[in-house]
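Chemist: Residue numbers (my numbering), protein chains in the order written: chain A, 1 to 320; chain B, 321 to 629; chain C, 630 to 1134; chain D, 1135 to 1509.
Derived from the structure by calculation, the hints contain no laboratory data. Since we're looking at a predicted model, the values are computed, not measured. Even for Gly, the Cβ is constructed at its ideal location relative to N, Cα and C. A few of these clues could be false.
Stated by the list, open to error - Heads up, simulated EDC-like pairs for lysine to aspartate or glutamate below, C-alpha to C-alpha not over 20 Å straight-line:
#1 C:Lys870 x C:Glu858
#2 D:Lys1371 x C:Asp991
#3 D:Lys1171 x A:Glu83
To be verified - Cβ-Cβ distance ranges computed for the label pairs, FRET-style:
#4 B:Pro479 x C:Lys972: 36 to 42 Å
#5 C:Asp743 x B:Pro479: 20 to 26 Å
#6 D:Pro1242 x C:Asp1078: 21 to 27 Å
#7 B:Asp323 x D:Pro1242: 52 to 58 Å
#8 B:Gln617 x C:Leu961: 46 to 52 Å
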Amino acid sequence: GADEVSVDVGIEDETPSGDSDDSEASGDTLTMAIVAPSASDDLAFTQSMIDAIDALDRDIDLQVTDGTFVVDDAAAAIRGYAEDGVEVIIAHGTQFGGPLSEIAPEFPDTTFIWGTSSDTQGLDNVFAYYPAADEGGYVNGVLAAAVTQTGNIGVIGPVEAGDAVAYINGFAKGAEDSGDVNVAITYTGSFSDVALMAEAAQAHLSNDVDVLTGSSQAVVGAVGVASENGVAWFGTQANQTSLDPELVVASQVYHWEVVLEEMLALRDGGTLGGEAFEVNLENGGLEIEFNDGFELPDGARDAADAAIDGIIDGSIDTGA
Amino acid sequence: MSDFFTMSILVATVASGIRLATPYLLAGLGETVGQRSGVLNLGVDGVMQLSAFFAYWTVLETDNLILGSFVGVGVGLVMGVIYAVITVVLQAQQGISGIGIFLFGLGFSDLMFRRQVGTPKPANQLPDVPIPLLSDIPVIGEALFEHSWLTYLAFAMVPLLAFMLRKTTFGMNIRAVGENPQAADSLGVSVGWTRTYAILIGNAMAGLAGAALVLELGIFQPNLTAGLGFIAVALVYFGAWRPAGVMSGALLYGLVAAVVLQWKAQGIIPRSASDIAAMAPAVLTIIALVVLAGRVQAPSALTRPFSRH
Amino acid sequence: MSMLEMRGITKRFPGVIANQDVDFDVRAGEVHTLLGENGAGKSTLMKILFGLYQPDEGEVIWQGSPATITSPSQAIEAGIGMVHQHFMLVPTLTVAENVALGLSSGRAPFTDLDAVSERIREISDQHGLSVDPSVDVWRLSVGERQRVEIMKALYRQAELLVLDEPTAVLTPQEVDDLFEILRRMTDEGRGLIFISHKLHEVMALSDRITVLRNGRVSGHTTPGETSREELAAMMVGRAVKLTPDRPPVETGDSRLEVRSLSVQGDRGTRAVDDVSFDVKGGEILGIAGVSGNGQREIAETIAGLRTPLPGSSVLLDGTDVLPMKTKQRRDLGLAYVPEERMKDGAVGDFSVSENLILVNHDTAEFTSSGLFNFDAIRRHCSELVERFAVKTPTIDTPTSSLSGGNIQKVIIARELTGNPGVLIASQPTRGVDIGSAEYIHEQLIAQRDRGTATLLISEDLDEVLGLSDRIAVVFEGRIVAIVDADDATRENIGLLMAGVVEPTG
Amino acid sequence: MKRLLGASIPLLAALIAFLFGAVMLLAIGASPWEGLKALLDGAFGSADRLAATAIKATPLVLVGAGITIAFRTSVVNIGGEGQIVAGALLSTSVALAVPDLPAIILVPVVLVAGLIGGAIVGAIPGALKAYASVNEILSTIMLNIVMVQLMNYLLRGPLIDPLEVEAGTRIPQTERLSDNATLPNIVPGVRLHLGVLIAVLAAIAVYVLLWRTPTGFRLRAVGHSPDAAKAAGINVKRNITTALALSGSLGGLAGAILVFGSEGQRMVTDGSSAGFTGSAGFNGIVAALFGGLHPLWTIPSSFLFGALLTGATNLQRVLQVPAPIAIAINGIVVIFVVSSGRLREKIDRMLEARAEFDDTPSTPETPAVVEGAQS
Ligand SMILES: Nc1ncnc2c1ncn2[C@@H]1O[C@H](COP(=O)(O)OP(=O)(O)OP(=O)(O)O)[C@@H](O)[C@H]1O
Ligand SMILES: Nc1ncnc2c1ncn2[C@@H]1O[C@H](COP(=O)(O)OP(=O)(O)OP(=O)(O)O)[C@@H](O)[C@H]1O
Ligand SMILES: [Mg+2]
Ligand SMILES: [Mg+2]
């Protein structure tokens, strides 16, 4: 969480973390900061990045500013970190791209990592990252088609924009490619209205839906509805199994560490930015994490694996 | 896709509207009592967030939904005492201090959530309790009489509060201090205490609304209410300061939202229009008021601190 | 022996000493009148008695022993009742609920409103105080509200009743009824404190009279040993002319013509029914009538605040003004002094100068290139304040802090600015003290002399008789007669007002 | 002496509020002293931070000044959020339509577009109140909801950056808006753009409007006494509409400034209005009420509020305390300061009654009526 004053992540040896700051030369410890729009333990977008940093194989002194959904506040935080001399700053939100294009040139020695975005706005000290969310969506969709018995699948999203669209469109395509199923998609119009998301799920259920998925932080309410009605749920962005250990079938999980590693390696080599990275099934940045607590129908797992292979080798079009 | 006008869909939609309406109704009724006594509370949303968190946390720790509901009410009462001190004793401007309460509730509930819970964890949800006999009535039974007991309570409060306001001495005093506190005071009715009790009722109900919201969902998130408390305040104006009117407003708002969701699920509303459709409850509330509204006067002393000089 | 004694009462407000070393007492069974100009400190003294204010100095002795009254409920408990100058009623509650407020009930948590209503009817019968307990108060006329206020006091068995200007808004008939009730109360041995600006009432009702001036007692007297003129002089500190001089003037053309005017009232009834009259330049047409007979609707319709029924016409200097808004009518030379001073006449929170330019604030005189020219405004307002003898510390003083009479002078001064062609003056001296009323009367006559056509609406028969050149009497929304001033007497006008029609010449 | 005592009470209240904040910081294991330092440093620590504070205050000043107009006319405006969004949307659309106008023309044009957008969304509840008796608290709250959805609709549809569609990323944002529309910096080397100056001028203009012009005179007359205003020939309904339209227009101007003074130079939504406005529509109300509903006092009061907000961001960054603690402390500050107001009046009155016959001070009273009474 954000309340830790300073977190040391990725300890190589058994060195107790508290001492490392002082004893080791600052050259070994990388100073990093992240500015994120939602809470760092949101079980979704922000947590996926925090977990990724955690998984990095480096000595990192990380500072967190989270819950910064106002772009100008985020800009102030990014600039503040840059002024403090933080070496690598992650601007974890597409909407932060605007200010970043102003700030990055002012701090040419700092590396900024920004996403989700598929380009770096031509800035040579900015790395960008982007998830091929449609790929995981597609696999989840394939699984959903195997799980559904009524043939009706419900999807809930906030606003038809951004990563949510890629995931949801991929999901719909995956499901529809794998059988004769109906995929009904509802965008509630709000990222934050948990109750509305829950009722959107209810509306699907009244139309004979028996598999649900959704994107946005507000879906936790919808997962509750799934639980209450014993309906299968597919997660995205982070492993949502903890929300219902029996009904969450699988989650698409982002492993940003895959591309973060690459970026930091480039930085070590003197390249401070200028490249965009995609996490996808092929490079392992996207992973489908199955819940062992949910018993999949025969063949479902194989279909999913086949889909993954197909996506990787390019024989399957996820519709993105 | 499928048909909207099938029984099961209509039933589900009405039931969904009632569920959505419940927190608006509880909070709006409470605000009605407060406003009738002359006290505006714009902090309802903040109170709801606080009580929602504490109710959730209680249920998470104890699995006891009843205890959770009481904790929600208790948090409301605590906030009520604070608000009474601010507005009755210190006679602060009501609008702005309400916004202060809102900010505090928003921030503090979020803070507590991060420190005490962290990652969203599912807690017990309020079970639906079919009312014997009534729930067996075809169609209507399922739509109206298979809800959580907090929903029943919310709707039961409508006649109760109307009766309280119209028929009891306390209700008469509330109406008097909201309309002409000088007159009430000159006959020995304590304006301060009457308003304090009204504030306590209002906040307790806001607390219950927060509990109802979170326990229906079984999970908490920062800014869980997403502005619900402000809409509840608006519905008091819609309902012209009468419990039944507030109920009409809450039902209108909830049912329109439910119909929109149902039509979205069925593809009747195209996805390209989903944002426009999401405006419907707000727009229809205004239109309904334009069409139906007579000139109803707010309680004359609303927002006016009372002092003898 | 006195039931109440107030000794050496002093009360200060920021910048004002409202009461200074005031002694006052009331005996059982008497009416003790408090008299004084606006702002003399009458209400303040009574509010101290009723526990609404605490005196800075002095003591209150009630039934022989010193009493500290810190709240109205203590006063009520002690047996003191008060009918406030501004009614203390909750309009949305019924009469019975208003009476029952604050009473302890044997049927908690409910109030036994049936029992209260029953008792109200008993008291009604006993005192001739007719009120219907089941009606919402907002439906009641002013006179009825007054009776509810008295009922509240009687219900609580008040031994001493304070009536702060109870007659200011009552019709003559209602005043008579009220006095009847009050006399019965004194016969039962209750004490009464009566406050009024109407000297004939004071002379008729009082046993003793105490006059306040600038917060101090300036004299004691009784009706037997004084006259209206003397009382006026005691209040104001100089001789006052009670009947204005009205020199004859040449009248001109009709400047205001009202033809077949019919207006729907607030309760959906026809408040004004086919009324026609003319007012000529240099003439005051008085409209006499018991309140609620359409006067208010006539005034508001001419002013453009109400829409009349089809078929009506109102001409201002020959121009049909019915399609026009208030603003345009005013531009044509209409001036309007509304009946309710504080509600419609002046913006209480505005300064005196702001109220003085309320109507003509955007004329070229006061603006230059879109902005106010404060020098010009200041000059204009200072001159008006001086010319109309408005008593105010500065022209920037909030108007609400002035006395009623001075607020009325501000309104009159404003409306007479620019020499209006037609002036509608509704109740121009209601609640205004003698000195100010005298002044306002002089101004209205001076304006008439300058050629203005004045429509004077008043329930004060003396005022109508004293100022008008002709008198129209309204009854139930119709004009029952228009009488020349020379032919008018209190008696024949009074009969007409009561709906008794007789042919006149 | 007595002035000093009176003035010190709100400060004392703020101090107590900060003590509460300190306790909260201690409770989560952070040093209050460091917290205060971070707060002050974040708000005032450098020329750029001072500028950031001023920029944060800018929409508050505008909304606050607008609120003053509404409240002085006795209408409540809780629709700041929607009005900001409306101004931003209209000005953004204009900048997209005519990107090539020279800066000297385009900058004023987008600002006026902002004014108009806000005015329209303000005039609607105004007219509804005046002509259809729809309570403005209700309609402004509802219109906030409507405007958020309109924003989402436009930014993911008609106004979306074509590149976003092309790339399939579909971020709900416009393309980078014309540089000719960027608000120029007014102090070399500091990120302090023209918007700050405009806000201050707007607040002064509101002061002039309300107290120096016939229009403002009529608005205030209607605010204090609609009946008396009407009898004097003032069109009450039109003035109520005007008041909310003017009030909204300043919100709209704030929206335009948020877009064209932003570092990103484009409009982007996270689906909520707060994500774009930073809740300036609400915070502006608080700033205005702190400023005693006087447009000029709204300027320092907004600046202080802006400082609290920028300082809080820094507090979070430096001490690594969760963001919501800053929101909670803001709430406590608001509560304490407004609660102290009446206490101050009481003390003032006590002292004044003692002082007997001074000249009567005639400070303009805050209308007590304003807060949402009539329907
Ligand atoms: N609450 C108050 N605060 C300040 N000044 C007051 C207050 N109440 C009364 N005053 C002032 O005290 C003086 C006496 O007022 P009071 O109301 O007692 O006069 P009054 O004799 O009743 O006049 P009227 O005939 O107009 O009713 C006036 O100058 C008035 O402005
Ligand atoms: N009640 C009034 N009293 C005096 N002048 C007025 C009044 N109403 C309008 N005017 C004048 O008529 C002109 C046009 O009238 P209009 O009603 O459009 O003004 P307004 O709408 O009240 O002004 P604004 O729109 O600036 O508030 C105004 O510029 C003003 O000079
Ligand atoms: Mg008086
Ligand atoms: Mg206008």
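Chemist: So, for every hint listed, does it hold in this structure?
Modeler: Now for the hints, and whether the structure bears them out:
For the given pair, lysine 870 (chain C) sits about 8 Å from glutamate 858 (chain C) by alpha-carbon distance, which is consistent with the 20 Å threshold. For the given pair, lysine 1371 (chain D) sits about 19 Å from aspartate 991 (chain C) by alpha-carbon distance, which is consistent with the 20 Å threshold. A hinted pair counts as satisfied when its Cα atoms are at most 20 Å apart, and lysine 1171 (chain D) with glutamate 83 (chain A) qualifies at roughly 17 Å. At about 38 Å, the CB distance of proline 479 (chain B) to lysine 972 (chain C) agrees with the hint of 36 to 42 Å.
Under the hint 20 to 26 Å, the C-beta atoms of aspartate 743 (chain C) and proline 479 (chain B), about 22 Å apart, fit the expected range. Checking the proposed 21 to 27 Å range against proline 1242 (chain D) and aspartate 1078 (chain C) shows it is violated: the Cβ atoms sit about 58 Å from each other. Between aspartate 323 (chain B) and proline 1242 (chain D) the CB atoms are about 55 Å apart, so this pair conforms to the stated range of 52 to 58 Å. A hinted range of 46 to 52 Å is violated for the C-beta pair glutamine 617 (chain B) and leucine 961 (chain C), which are about 34 Å apart.
The structure fails hints 6 and 8 (numbered hints given earlier, in ascending order).
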